[in-house]
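Visitor: Residues per chain are reported as follows:
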Amino acid sequence: MVQIITGAEMAEAAKAARKRKPGRPPKAAAGMAAVNDMPPTDELVTMYRDMLLIRRFEEKAGQLYGMGQIGGFCHLYIGQEAVVVGLQSVSKPGDTVVTSYRDHGHMLACGMEADGVMAELTGREGGYSRGKGGSMHMFSREKNFFGGHGIVGAQVPIGCGLAFSHKYREEANVCMTYLGDGAVNQGQVYESFNMAALWDLPCLFVIENNQYGMGTAVTRAAAGRSLADRGAAYGIPGKQVDGMDVLAVRTAGAEALAHCRAGKGPFILEMKTYRYRGHSMSDPAKYRTREEVDAMRKQHDPIDQLRDVLMKQDMTEAALKTIDSDVKAIVTNATEFAQTSPEPDPSELYTDILKPLTGGATSVEV
Amino acid sequence: MAVEIKMPALSPTMEEGSLTKWLVDEGADVRSGDVIAEIETDKATMEVEALDDGRIGRILVAAGSENVKVNTTIAMLLEEGESADDLATDLANDMVVATSAAVSEVPEAPESPESPESAASPVAGASGTAAVEAATTGAELEKPVAEPVASGNTAPLTVREALRDAMAEEMRGDDRVFVMGEEVAEYQGAYKVTQGLLAEFGPKRVIDTPITEQGFAGLGVGAAFGDLRPVVEFMTFNFAMQAIDQIINSAAKTLYMSGGQMGCPIVFRGPNGAASRVAAQHSQCYASWYAHCPGLKVVSPWSAADAKGLLKAAIRDPNPVIFLENEVMYGQSFEVPDDDDWVVPIGRANIVREGSDVTITAFSIMVGRALEAADKLAEQGISAEVIDLRTIRPLDIDTIVNSVKKTSRLVTCEEGFPFAGVGSEIAMQVMEQAFDWLDAPIARVTGKDVPMPYAANLEKLALPQIEDIVATVVASCEGFRGD
Ligand SMILES: Cc1ncc(C[n+]2csc(CCOP(=O)(O)OP(=O)(O)O)c2C)c(N)n1
Ligand SMILES: [Mg+2]
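Chain order of the listed sequences is A and B. One rule links them: number in this note's numbering = place in the first sequence (from 1) + 6. One rule links them: number in this note's numbering = place in the second sequence (from 1) + 8.
Please keep in mind that the hints were generated in silico from the structure rather than gathered at the bench. Take the hints with a grain of salt, since some may be wrong.
Only some residues are given here: those of chain A computed to face chain B with a beta carbon under 7 Å [to be verified]:
1) G72
2) G74
3) G139
4) I157
5) A160
6) P163
7) G167
8) S171
9) N200
10) Y293
11) T295
12) D358
13) K361
Think about it this way: if two alpha-carbon atoms lie no more than 20 Å apart in a straight line, the pair counts; the simulated SDA-like pairs of lysine to any residue are [unchecked claim]:
14) B:K414 / B:V360
15) B:K414 / B:D447
16) B:K414 / B:F427
17) A:K361 / B:G303
18) A:K98 / A:K270
19) B:K51 / A:R294
20) A:K327 / B:E90
21) A:K361 / B:P211
22) A:K304 / B:V38
23) A:K304 / B:V43
24) A:K361 / B:C301
25) A:K292 / B:T49
26) B:K29 / A:V299
27) B:K29 / A:T295
28) A:K334 / B:D447
29) A:K334 / B:R39
30) A:K361 / B:G268
31) B:K212 / A:A178
32) B:K77 / B:T21
33) B:K414 / B:A428
34) B:K77 / A:M302
35) B:K29 / B:D50
36) B:K29 / B:E87
37) B:K212 / B:D173
38) A:K149 / B:V360
39) A:K334 / B:E87
40) A:K334 / B:D60
C-beta atoms are modelled at their ideal positions from N, C-alpha and C, and glycine is treated no differently.
All chains, full assembly: derive it from the sequences and hints.
Guide: Next comes the structure, spelled out in structure tokens:
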């Protein structure tokens with residue numbers, strides 16, 4: 007488990023300095039709860055299953071795209087599964103999630119049905135957006151998943167707004183706001199960091215550093231030592247985490263969420279991760295070598311790593327096979343659903359543009 | 009059952025490609041995710057991955073094959089317990105050679121998708137009617153309720169006070185409503201519109217933001233997604249350009265893209281249009297920009313009574329509303345009904361002066377100018393009907409069309425630029441719905457097609473004046489009197 011702490015102390019100190027009343031000595035930084043214990047086996051199994059579901063789902067999505075059944079842009083999450091699964095494993099009911107267009111994994115991890123997600127990918131009536139959003143724009147109010155956003159960086163202030171609504175209602179919930187290593191250079195991210203820190207918003211910024219924004223390596227786009235430091239100027243603590251290790255993600259996530267939940271304001275987690283597939287389906291892949299991809303796959307695969315842990319805990323090959331075939335069945339059913347669900351009715355063209363007024367213009371909605 | 013591995017599409021437009029290389033041989037064991045082949049088009053090289061665990065039973069398309077059609081079976085994957093002998097012998101004998109003719113004979117997959125053209129045809133084929141339908145559906149959806157009837161008592165209020173009262177009343181009635189923007193709290197509003205709100209509602213609900221338009225517009229959208237009711241003030245709408253992505257892409261489109269789940273009950277408000285001598289970057293009317301976009305409502309009141317009633321309606325509306333005020337109007341007083349709950353429905357125009365010879369449409373500050381022009385026209389014997397649009401989208405086209413059917417002439421007024429302006433849209437819709445009633449071409453009075461100049465004389469020339477309205481109406485009536 008690699009866990010490099012970068013910029014955390016510096017950021018904590020800056021924050022403490024900002025908050026400190028003049029004349030008072032700085033308090034020693036309170037150590038965060040140690041959450042290093044190995045989770046119970048059933049939780050490990052759940053995480054294994056959740057990661058495998060994302061993997062198999064995405065492979066199938068790639069295949070359906072290849073067959074022309076999924077159109078437009080389709081960004082797969084293969085390789086990054088540990089990030090969202092690790093974090094969801096320590097989230098609480100009522101926590102909200104918002105992310106970019108690389109969102110299939112997040113939706114599945116939030117408990118959205120594979121059927122509805124796959125059917126949205128094929129643009130069918132049974133999709134979460136009834137075929138009107140597609141791969142990049144899906145939502146579930148029920149599961150507190152707030153999209154699926156196609157404009158790089160735009161989800162970041164939206165995540166702050168969701169965090170703002172938690173705080174406004176005095177709920178002990180956090181908004182997990184995911185963004186990429188490319189998105190982290192957008193101006194609105196810093197507008198968001200500033201407001202989140204200024205107003206102590208319960209917002210966990212999760213930077214999924216998969217090393218590339220399309221074809222641009224992070225080192226060619228981002229100045230500075232580490233992305234975890236990007237909140238230092240605002241006093242936001244940040245931490246770099248091995249995002250290929252679901253247990254490291256889980257531990258860091260628990261600490262960061264506890265910080266946000268305790269009313270101490272936002273936290274930044276930089277997840278060092280990797281996407282095996284192209285940026286979207288049409289990716290010339292000239293910006294990295296096959297050896298690089300293979301090395302990540304062979305040495306750092308998040309699913310293989312957890313599998314090894316489970317095997318050491320006397321999990322049998324047969325038990326893992328059962329999980330495998332359960333997951334396969336879910337994906338097969340979802341595919342069948344997505345292929346047979348009808349296309350949206352042409353009348354759907356004109357629905358959902360504006361919400362009708364409820365109860366006339368003169369009644370106050372409460 | 010053996011699994012067919014198919015030639016994949018790399019993009020929605022790809023129809024065929026070359027199979028450049030196999031990275032596995034027949035008989036090789038593969039795991040899901042292993043790279044098994046490389047394919048290439050004129051645009052990209054891509055890897056083909058195994059989608060299941062198994063053994064490569066047969067390779068059906070040899071490396072080096074060109075023009076391999078998408079969805080051609082390129083190999084067979086044996087699942088556990090199967091052997092190559094299980095594959096049908098004809099398939100096994102039928103090693104496809106590297107000619108496009110041979111390849112294209114391989115049958116298409118049964119679920120092969122429709123071409124994009126045919127998929128889109130039900131809509132594209134009927135675009136003419138679709139456009140009309142869209143216009144009517146939009147109006148239908150928000151078929152506005154009748155004009156509110158005031159109890160009779162009124163009090164003089166400035167537009168500024170009316171807007172403040174509207175916010176305060178809605179905040180008292182619904183604790184999800186909060187106000188956010190630059191200088192709205194302690195400073196009491198850059199134009200003093202939020203005066204007194206901080207004292208009554210406190211800093212939790214009246215929030216000074218940093219100068220961070222894109223950030224707080226996006227934060228407001230997120231808060232609205234989170235079921236609050238933000239009223240976001242832009243110091244002026246010129247600065248909302250920083251935030252227009254959040255307004256259009258996040259606020260306006262998410263209801264549609266979520267299949268009706270999300271909704272974004274938010275009001276973006278602030279002064280719009282020219283102030284006085286502040287030049288090009290601080291003097292622009294954005295009515296037609298926002299009205300262009302489905303998913304937004306756009307309101308721009310003139311009188312204080314409408315400012316109050318429409319802002320209350322906007323805050324209660326479950327949709328994003330762009331509320332365009334005018335700095336020059338803030339200090340003007342009007343009689344405002346002092347009813348407890350004075351709400352003016354969005355989507356209704358108001359005939360502020362009746363007439364029989366010509367219809368003049370206007371909104372915001374231009375309504376006052378149109379009324380003054382109507383007085384001057386009356387002196388010349390021309391009876392002008394003046395319609396205050398109040399809402400730009402959804403446009404109350406029925407009121408305009410009915411008026412035009414009476415007067416047979418139409419002049420539209422706005423401060424904004426002429427190109428694709430509000431007047432352009434009104435002219436088009438009136439032509440569609442009342443062409444046979446028109447006795448003269450529709451004419452428009454707009455701001456000049458130039459960035460706003462600073463010099464006093466030039467600024468006056470750039471902005472539409474009362475005399476411009478009078479002259480345009482006279483020309484419209486004169487040229488076609490013919491009777
Ligand atoms: C504002 C904006 N600019 C450009 C794009 C096109 N685009 C889509 S994804 C992407 C790369 C983003 O990379 P990163 O943030 O690292 O996320 P990843 O794709 O790696 O998950 C770009 C440039 C966009 N969608 N929005
Ligand atoms: Mg990236």
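Visitor: Determine for every hint whether it applies to the structure shown.
Guide: For each hint, the structure was consulted:
Among the interface hints, the one on A:G72 holds; its C-beta lies about 3 Å from the nearest C-beta in chain B, closer than the 7 Å criterion. Interface restraint check for A:G74: the shortest CB-CB distance to chain B comes to about 4 Å, inside 7 Å, so the restraint holds. At about 4 Å, the closest approach between the beta carbon of A:G139 and any beta carbon in chain B falls short of 7 Å, and the interface hint on this residue holds. Below 7 Å, beta-carbon pairs count as interface contacts, and A:I157 has one with chain B at about 5 Å; its hint therefore holds.
Because the smallest distance between the Cβ of A:A160 and any Cβ of chain B comes to about 6 Å, under 7 Å, the interface hint for this residue holds. Interface hint at A:P163: satisfied, since its Cβ lies 3 Å from the closest Cβ of chain B, which is below the 7 Å cut-off. Proximity of A:G167 to chain B holds as hinted, the smallest CB-CB distance being about 2 Å (cut-off 7 Å). The beta carbon of A:S171 is positioned within 7 Å of a beta carbon in chain B (closest approach about 3 Å), and the interface hint is therefore held.
Proximity of A:N200 to chain B holds as hinted, the smallest CB-CB distance being about 6 Å (cut-off 7 Å). A distance limit of 7 Å between C-beta atoms decides the matter here; for A:Y293 the minimum to chain B is near 12 Å, and the interface restraint is violated. Restraint check, A:T295 versus chain B: the minimum CB separation of about 12 Å is more than 7 Å; hint violated. With a cut of 7 Å, the hint placing A:D358 at the interface with chain B holds, because the nearest CB-to-CB distance is about 4 Å.
Hint on A:K361 holds. Least Cβ distance to chain B is approximately 4 Å, under the 7 Å limit. This hinted pair checks out: B:K414 and B:V360 have alpha carbons roughly 16 Å apart, not beyond 20 Å. A hinted pair counts as satisfied when its Cα atoms are at most 20 Å apart, and B:K414 with B:D447 qualifies at roughly 11 Å. Among the hinted pairs, B:K414 with B:F427 is inconsistent with the structure: their alpha-carbon atoms are about 28 Å apart, more than 20 Å.
Among the hinted pairs, A:K361 with B:G303 is consistent with the structure: their alpha-carbon atoms are about 9 Å apart, no more than 20 Å. For the suggested pair A:K98 and A:K270, the alpha carbons sit about 17 Å apart, so the restraint of at most 20 Å is met. Taking the CA atoms of B:K51 and A:R294, the gap is near 17 Å; set against the 20 Å cutoff, the hint holds. Simply put, A:K327 and B:E90 have alpha-carbon atoms about 18 Å apart, close enough for the 20 Å limit, and the pair holds.
About 30 Å separates the Cα atoms of A:K361 and B:P211, which puts this hinted pair outside 20 Å; it is violated. Between the alpha carbons of A:K304 and B:V38 the distance comes to roughly 14 Å, so the proposed pair stays at or under 20 Å and holds. About 13 Å separates the Cα atoms of A:K304 and B:V43, which keeps this hinted pair within 20 Å; it holds. Of the supplied pair hints, the one linking A:K361 and B:C301 holds, its CA atoms being roughly 15 Å apart against a limit of 20 Å.
As the CA atoms of A:K292 and B:T49 are separated by approximately 14 Å, the hinted pair is consistent with the 20 Å bound. Proximity of B:K29 to A:V299 is assessed by CA-CA distance (about 18 Å); at most 20 Å being required, the pair is judged to hold. Distance check on the hinted pair: B:K29 and A:T295 sit about 16 Å apart at the alpha-carbon level, within 20 Å; holds. At roughly 70 Å between alpha-carbon atoms, A:K334 and B:D447 are farther apart than 20 Å, so this suggested pair is violated.
Restraint check: the Cα-Cα separation between A:K334 and B:R39 comes to about 14 Å, which is no more than 20 Å; the hinted pair holds. Distance check on the hinted pair: A:K361 and B:G268 sit about 8 Å apart at the alpha-carbon level, within 20 Å; holds. At roughly 17 Å between alpha-carbon atoms, B:K212 and A:A178 fall within 20 Å of each other, so this suggested pair holds. The straight-line distance between the Cα atoms of B:K77 and B:T21 is roughly 12 Å, inside the 20 Å bound, and the hint therefore holds.
A distance of roughly 26 Å separates the Cα atoms of B:K414 and B:A428; the hinted pair therefore is violated under the 20 Å criterion. For the proposed pair B:K77 and A:M302, the alpha carbon gap of about 32 Å is over 20 Å, so the pair is violated. Between B:K29 and B:D50, the direct Cα distance comes to roughly 16 Å. Compliance with the 20 Å bound is thereby established for this hinted pair. For the given pair, B:K29 sits about 23 Å from B:E87 by alpha-carbon distance, which is inconsistent with the 20 Å threshold.
The hinted pair formed by B:K212 and B:D173 meets the criterion: a straight-line CA distance of about 19 Å does not exceed 20 Å. Of the pairs offered as hints, the one joining A:K149 and B:V360 is violated, with about 49 Å between alpha carbons and a cut-off of 20 Å exceeded. A hinted pair counts as satisfied when its Cα atoms are at most 20 Å apart, and A:K334 with B:E87 qualifies at roughly 14 Å. Restraint check: the Cα-Cα separation between A:K334 and B:D60 comes to about 10 Å, which is no more than 20 Å; the hinted pair holds.
In summary, the numbered hints that this structure violates are 10, 11, 16, 21, 28, 33, 34, 36 and 38.
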